[in-house]
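*Asks:* Here are the chains, one letter per residue:
2 protein chains.
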Amino acid sequence: MAQGNELRTFFEPKGVALVGISRTPGFGYGIPLVLKEHGWDGHIHLVNIAGGTLHDMPVYQRVADVPDPVDLAIVLVPARLVSSVLPEIANRGIKHVIIETAGFAEIGEVGQALQTETKETAHRLGLRIIGPNCVGVVNTANRFASVEIMDEALTPGPVSIIAQSGVFGNILLDGLHEKEVFIAKAVTLGNRLDVNECEVLNYLHQDDQTKVIMMYLEGAADGRLLLETLGRVTRDKPVIILKGGRTPAGRAATASHTASLSGEDQLYEAVFRQTGAIRAESLDQLVRLARTFATQPHPAGNRLAIVTGSGSLGVLATDSATSGGLTLPHLSETTERTVREAAPDWMNVRNPLDTGPSTQFSAALRAVVADPDIDMVLGITILPYAIFSSFEPLGLTPEMWFGDIDAIHAARPEKPLVICAIGNERFIGLIRKTSGRKVPVFDSPEGAAGTLASLAKYGSWKKSSR
Amino acid sequence: MAQGNELRTFFEPKGVALVGISRTPGFGYGIPLVLKEHGWDGHIHLVNIAGGTLHDMPVYQRVADVPDPVDLAIVLVPARLVSSVLPEIANRGIKHVIIETAGFAEIGEVGQALQTETKETAHRLGLRIIGPNCVGVVNTANRFASVEIMDEALTPGPVSIIAQSGVFGNILLDGLHEKEVFIAKAVTLGNRLDVNECEVLNYLHQDDQTKVIMMYLEGAADGRLLLETLGRVTRDKPVIILKGGRTPAGRAATASHTASLSGEDQLYEAVFRQTGAIRAESLDQLVRLARTFATQPHPAGNRLAIVTGSGSLGVLATDSATSGGLTLPHLSETTERTVREAAPDWMNVRNPLDTGPSTQFSAALRAVVADPDIDMVLGITILPYAIFSSFEPLGLTPEMWFGDIDAIHAARPEKPLVICAIGNERFIGLIRKTSGRKVPVFDSPEGAAGTLASLAKYGSWKKSSR
Numbered sequence: 018m019a020q021g022n023e024l025r026t027f028f029e030p031k032g033v034a035l036v037g038i039s040r041t042p043g044f045g046y047g048i049p050l051v052l053k054e055h056g057w058d059g060h061i062h063l064v065n066i067a068g069g070t071l072h073d074m075p076v077y078q079r080v081a082d083v084p085d086p087v088d089l090a091i092v093l094v095p096a097r098l099v100s101s102v103l104p105e106i107a108n109r110g111i112k113h114v115i116i117e118t119a120g121f122a123e124i125g126e127v128g129q130a131l132q133t134e135t136k137e138t139a140h141r142l143g144l145r146i147i148g149p150n151c152v153g154v155v156n157t158a159n160r161f162a163s164v165e166i167m168d169e170a171l172t173p174g175p176v177s178i179i180a181q182s183g184v185f186g187n188i189l190l191d192g193l194h195e196k197e198v199f200i201a202k203a204v205t206l207g208n209r210l211d212v213n214e215c216e217v218l219n220y221l222h223q224d225d226q227t228k229v230i231m232m233y234l235e236g237a238a239d240g241r242l243l244l245e246t247l248g249r250v251t252r253d254k255p256v257i258i259l260k261g262g263r264t265p266a267g268r269a270a271t272a273s274h275t276a277s278l279s280g281e282d283q284l285y286e287a288v289f290r291q292t293g294a295i296r297a298e299s300l301d302q303l304v305r306l307a308r309t310f311a312t313q314p315h316p317a318g319n320r321l322a323i324v325t326g327s328g329s330l331g332v333l334a335t336d337s338a339t340s341g342g343l344t345l346p347h348l349s350e351t352t353e354r355t356v357r358e359a360a361p362d363w364m365n366v367r368n369p370l371d372t373g374p375s376t377q378f379s380a381a382l383r384a385v386v387a388d389p390d391i392d393m394v395l396g397i398t399i400l401p402y403a404i405f406s407s408f409e410p411l412g413l414t415p416e417m418w419f420g421d422i423d424a425i426h427a428a429r430p431e432k433p434l435v436i437c438a439i440g441n442e443r444f445i446g447l448i449r450k451t452s453g454r455k456v457p458v459f460d461s462p463e464g465a466a467g468t469l470a471s472l473a474k475y476g477s478w479k480k481s482s483r
Numbered sequence: 018m019a020q021g022n023e024l025r026t027f028f029e030p031k032g033v034a035l036v037g038i039s040r041t042p043g044f045g046y047g048i049p050l051v052l053k054e055h056g057w058d059g060h061i062h063l064v065n066i067a068g069g070t071l072h073d074m075p076v077y078q079r080v081a082d083v084p085d086p087v088d089l090a091i092v093l094v095p096a097r098l099v100s101s102v103l104p105e106i107a108n109r110g111i112k113h114v115i116i117e118t119a120g121f122a123e124i125g126e127v128g129q130a131l132q133t134e135t136k137e138t139a140h141r142l143g144l145r146i147i148g149p150n151c152v153g154v155v156n157t158a159n160r161f162a163s164v165e166i167m168d169e170a171l172t173p174g175p176v177s178i179i180a181q182s183g184v185f186g187n188i189l190l191d192g193l194h195e196k197e198v199f200i201a202k203a204v205t206l207g208n209r210l211d212v213n214e215c216e217v218l219n220y221l222h223q224d225d226q227t228k229v230i231m232m233y234l235e236g237a238a239d240g241r242l243l244l245e246t247l248g249r250v251t252r253d254k255p256v257i258i259l260k261g262g263r264t265p266a267g268r269a270a271t272a273s274h275t276a277s278l279s280g281e282d283q284l285y286e287a288v289f290r291q292t293g294a295i296r297a298e299s300l301d302q303l304v305r306l307a308r309t310f311a312t313q314p315h316p317a318g319n320r321l322a323i324v325t326g327s328g329s330l331g332v333l334a335t336d337s338a339t340s341g342g343l344t345l346p347h348l349s350e351t352t353e354r355t356v357r358e359a360a361p362d363w364m365n366v367r368n369p370l371d372t373g374p375s376t377q378f379s380a381a382l383r384a385v386v387a388d389p390d391i392d393m394v395l396g397i398t399i400l401p402y403a404i405f406s407s408f409e410p411l412g413l414t415p416e417m418w419f420g421d422i423d424a425i426h427a428a429r430p431e432k433p434l435v436i437c438a439i440g441n442e443r444f445i446g447l448i449r450k451t452s453g454r455k456v457p458v459f460d461s462p463e464g465a466a467g468t469l470a471s472l473a474k475y476g477s478w479k480k481s482s483r
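So the protein lines, in turn, are chains Z and Y. Residue 217 in this note's numbering sits at position 200 of the first sequence, with consecutive numbering throughout. Residue 40 in this note's numbering sits at position 23 of the second sequence, with consecutive numbering throughout.
Quick caveat, the hints were computed from the structure, so don't treat them as lab data. Each hint should be verified, as a subset may be incorrect.
You can't tell identical chains apart in this list, so a pair holds if it fits in one copy or across any two.
[What the hints assert, rightly or not] Capping the alpha-carbon separation at 16 Å, the derived lysine to aspartate or glutamate pairs in EDC-like fashion look like this:
#1 Lys196 - Asp460
#2 Lys254 - Asp225
#3 Lys254 - Asp239
#4 Lys479 - Asp85
#5 Lys196 - Glu442
#6 Lys450 - Glu195
#7 Lys112 - Glu29
Use the sequences and the hints to build the structure in full.
*Replies:* This is the structure we're talking about:
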């Protein structure tokens, strides 16, 4: 725990020295600009031996010249110079350093030697290091970001990210807000010369803003420690992990990327199973899981009901759900009666419940959400666009057809509800609106059902680990 | 073959009787309207005992009253009446009938009895039937569609669709054009009272407009026939299949959906393996495969090169590619030399080739596409949006960073090239533009690599089946 708290300065610095800023395009030029735009003007201090100004801010020639307060350094100088700027930083009383520079262990022997030297120097000086070969951190609460980031990505939310790779973290942040995943904190760890994913997990475990942790991992810095840490953190917060390097060729690629030894995949599979960590099968699923865990409660059991406008999509979702350990029980007598009352002859009142082209979707959805023998619900909101658009001018809205999904969920907030919408993008957009900010809408039946299976698995693990 | 040709009238009718049109919203109201809008005014004849007009077209009281020419009937009357309208249709000299009405075998005993009766009647009268419980056919060449469909979905293309479920087919058509998949023909088969997927496969096999067949299958009408038919068709045209009902619960759901007996999944797996059919693992992948097979050649071998702006995404793609049977060989000496020449020190010139934040992406992509020891290429075009957008006002375009991808592919059209772009939607849109109509752009590294693996598998099967 104590170790985790040492990371606080990385996310909440009082003042930041940017060592190695540059007047030519690149990180050294862009990062100070972005920090300034995000309100860090006056708290960031640019350092380059050439002096002068950049983005209308003074450039100090030495770290020693930087005024108070300053407790974090971001290092952007070339790899061969990194080791030599660390003493300057330590002498200025700074203990926390983000090294963004690449060209260390990930490029082979020469880089490995540089990394060893840097590590020894940092250790000798008592510095805590994130990186090298990373883009550092993001904290949406104070809009601090050691990376060039879109303004929209700084909308605060409950999800925190741990990524080894800088670019990967950056790219995730570019798209997550469009998928309604909002961030508390993000860290990219790079070659993990010092700070590793376990220490960050401990920090995020304690962090009030973080409710869900998503993680891209190529290889554990310390497998035993990861097992222990995950086992502890997942008791309180879900940790969703996408693991790169499942195959021998993928593992070989991780070595030249973040200098990770990713190890056999079955070892990781065992670690995740033993700790209640949630494994994402793909990048898409990582994002869907983050969205679902950030908004949905953990279900009381594993009983799923599916209400669908398309039988086929109901079948695909059923396959995915039951493969993930869910059951689709018979609907209770009350629910069945309620739905059958207004249903046309041709409608099968079963689970999955295919309402087809009838107008029964919203009544059916309400009934299964209220059913005490159902733990969670997947709604597959389908209406051919040509039909929808021909009735739209007459006043048809998605709410009229599918119900006010936001309100249906709000009436039973303890029951997970996820929506799958397929087809025309504009239609999917309207369903998103109807579903509100709290109900996830995905365009994959297998993916949507899979998130509910993961939610149930985690809920059950959490109960059993008490 | 001869059997397949009997289906032609379904797609190229001279005149169509719509039996059971309606003045209240529903298929009976919408389908005649859509056909009229698509230029079928004058070739469609509406039938309802009430007479009068609909959408400014006359309504005939009996099928017997319908003028020449007429060779196809679309039946929209309630299930219990279907059997009684078939003699009227046969008496008018019509041999081809699409029954869209639901409420047959898929709803249980009563419906099963109706279906048996309908089947016997049809057989006695010598009628060929598509359906019931379907939305019939689409032919983009003559804009004939027995289904309410968006205008954009009628853009002609090389992909034909076989779906059991009507809604599913409809929904696919709503979204495919947005994913740059364009259609030749589509059929939804429903309960397959007569015409089944094998007969349609034979028809599409002979159809000049169809280059790729995509199929959603819940259960084969005749497993042995499917094996034989697929084995024959896939020698000339790829058949991509998404199978619903993999699990016991999924299979149970297919019974109440299209009255399919879907059978054990391993039987299907064996059929697909023995015939060179391409199995899609998800709905998303079905669409990605259709896009890739519609635009890319079959690779000469299984040697993949990946050029990526993100190491992590390169790792994920490598895992997916090698799981699918591809190899990532060392780059040839020439390629390595070419790339290394301009590359910064920190860049690993390997495969996957991570160009990171260097400006070497386009040179590297060109080099591996030209490399004779590489059979296909995946480009992962990554650039953090904040960085891209800060240089955009200075004139930076995606082509400047990633190369003119369209032209790179056009220079070596015999080599499959697929792009993966992740991040901000606007950025992905720009990459799509740079990549042109011929190079697929996907936002999933696993999915993109998976399409190349399927392409190689099919190419190798096709060679071995000669």
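*Asks:* State the violated hints by number, sorted upward, taking the hints as numbered earlier in the document.
*Replies:* Of the numbered hints, 3 and 4 do not hold.
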